[in-house]
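Visitor: These protein sequence lines map, in sequence, to chains F and R.
Residue numbers for the first sequence, in my numbering: 1 to 201.
Residue numbers for the second sequence, in my numbering: 1001 to 1553.
Some hints could be false.
Residues from chain R that keep clear of chain F, each with C-beta distances beyond 10 Å, as calculated [claimed, not checked]:
hint, residue
1, R1055
2, W1149
3, R1263
4, P1373
5, W1391
6, A1472
7, R1552
8, I1553
If you only want the chain F side, here are some residues facing chain R, beta carbon under 10 Å, derived [said to hold, decoys possible]:
hint, residue
9, T51
10, E53
11, A93
12, L100
13, E109
14, Q135
Note that these hints are calculated values from the structure, not bench results.
A virtual CB, placed ideally from N, CA and C, is assigned to each residue, including glycine.
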Amino acid sequence: MPLTTRRTFCGQVALLGLGGYAGLATACRSRVTGTTVAVSDASLPALVTFTRETFATLSAVCERLLPRDEDPGAIDLGVPSYIDRMLASPDLASVRAMLLRVLPMVDREARKRTAGKPYHEALADEQDAILAAWQHGRDGGQSFFAVILSLTLEGAFGDPRYGGNSGGRGFAMIGFTPDPPLSKMTHLHRSPPGAPGGPPK
Amino acid sequence: MARDPADVVVVGSGAGGAPVAYALAEAGIQVVILEKGRRYRDEEFDHDEIRMCRRSFFTPSIADEPHTLRSGENAKATRTTAGWVSTIVGGGTVHMAGYFYRFHPVDFALRSTLGHVPKASVVDWPIRYDDLEPFYARIEREIGVSGVWRAHPFEEPRTGDYPLPPLAENAVAREIDRACAALGYHPFPTPRAIVSREYRGRQPCMFCALCASYGCEIGAKSSTLASLIPAAEATGHCEVRPECMATEIPVDASGRVKGVVYRDAAGQSAFQPARCVVVACTAIETARLLLLSRSARFPNGLANASGLVGKNLVFSGESKGEALFERRSHPDTEWLSDTAPFAQRSMQDFYWLDQPVGGVRKAGTVVFALAHPNPILAAEHIAGSGSAARWGLRLKQALREEALGARTLTFETFAEVLPTPGTYVDLDPEVKDRWGMPVARITVDRHPLDAGAAGFLAARGREVLDALGPDASRITQEDGQDMVLQGGTCRFGRDPATSVLDVDCRAHTVPNLYVSDSSFMPTSGGVPGTLTIMANALRVGVGLAARFKAGRI
């Protein structure tokens, strides 16, 4: 019996890796060039969760999930930095622990398959094959894939205040028009002066 | 720390608590509302999907305060976020969609209408629709509800018009009207707890893209935070104490409650003495608080001599479906470019079925809505999940085609959920919250007819969507098994052996204890219960105020 929560709270559940899964395998394959990410670049922003090396793996994974084409990709949108910063939140401690454990495993798999190349330097097909294995239940579960896909979509289409969805270009990609900022709205204070929620006396 | 005594402590500030507090304060009775959640100013409600919808903004974190859930008594209970309602001043009314239908007369007399239903614990309510009608009418005025009177033949009897005209609607509403007319159905403008004009100093709806799941930053949504709470405070007789979680309701030697023990905003244990206590912290948490309040006099939990506290938990039978309309195949379809957010149509043709379908005689309501525009949720929906999830260039293409190149029209149902002896709340024997108190354990054994009612309504919803000529349609959930819109854990009734509360929602066995949230409901009804909870809570508050005035508390 499916027992689920309501409406948008399911986003939170999916992020915690508790969502249900259904359907047949439909692995994605792409023949474009792999995503190559610089590991040491002084111009890169400071990291709060990941080492530079693991961040390179993360960036390449996100870019394979949402690659650049005629529209911006995950790296263009600032998704990897979004994830790095978001995982500093105590609410996401379990997600952080999982990514810190799994991303180095992803990288090691790439080095095994490619005679030593890290994940972020592997060919796109190799990168995708490794991700597809995780999607279809590598390591006894699909939660890593579900979580990284969810976080990538958060970083691409969430509020730009968190550093993702750079320049609102994620919103533009899916035709979402954000509501006007509060400053554009006229406020009528309904609570009596001095009451909580009302204007000062 | 003890406080000066209050006349009444109300636990909870949502749909069940605020109307009682308002009625009492208006009558000059001193009320303290203890609310577990924070109080926000309107301006703090923004449209940040990550903050509002994807973290624990409205609901407690599953790590700190889970519920546990099991399917039947022999299953192992696991931690869940299911069954939570908002922990915030205003409760679930802050982020509700605000579908504000009344119950129908049949909802008050389900047992005598259906007769005996095997494996279900269906009973009649001890009051009739006519008893509640004046309170429906008054609460609609107090908070501001918009709608159209006499818009369809299945409407419940009303004594007057809605206080506000209906909200502006997307052009799809006319398409739904046409499709329904061809099918012989009778759609009507969905009544909403959103003010469509300036109302009692509140600004009218500005038709934001994001509404349900968010707080309203201009107070146009008729949450208790925007309406009853400031009105109660304005009397000078009501104090709202946020971030105060009730932990126990102690009793004196005579079996009367003395007040409420709570954990205050600083995390310290405190006591608020009172002459009367009203509990309204959601059906599941109200049952938990009563069960946690054990004493020599009430060893099985407060007001639980009958053993019925927590029993007969019900939800609303929610099924869902959607239809995709691609712009390229609908070049002349006006509504695809209409930015108005509300489809504003409902159907109640199947509230009562003269010819039973698969044993189902009471179905419920279908509401149509444009797909929620939450951008992350929409992207996740398009991506799909598990082994079927799309990613890479395929996902980019799908996002362009389905999010940019199409619109999705959805339906949702509110079907009758029959109470059963096997669906109830008790205290989890192992799992505790972060303060060391046992959490609520939810055991679910749904009645087989529930899925029939929700599935029947889902088929009708899809029939209408298909009549609009979409490129694709599907039912995304048809069994109505979601745990939404809870009720029923402290039934009201005339017989103390078969109910927890009396007709006034006062505990049969505790003369100064009331319960005013959805716990009182013996059956679920075929609409969301929120308006009915508020109308009944106003009735309870008016009755309690009269008792105070008569010196009977």
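Visitor: For which of the previously enumerated hints does the structure constitute a violation, in increasing order of number?
Guide: 1, 4, 5, 9, 10, 12, 13
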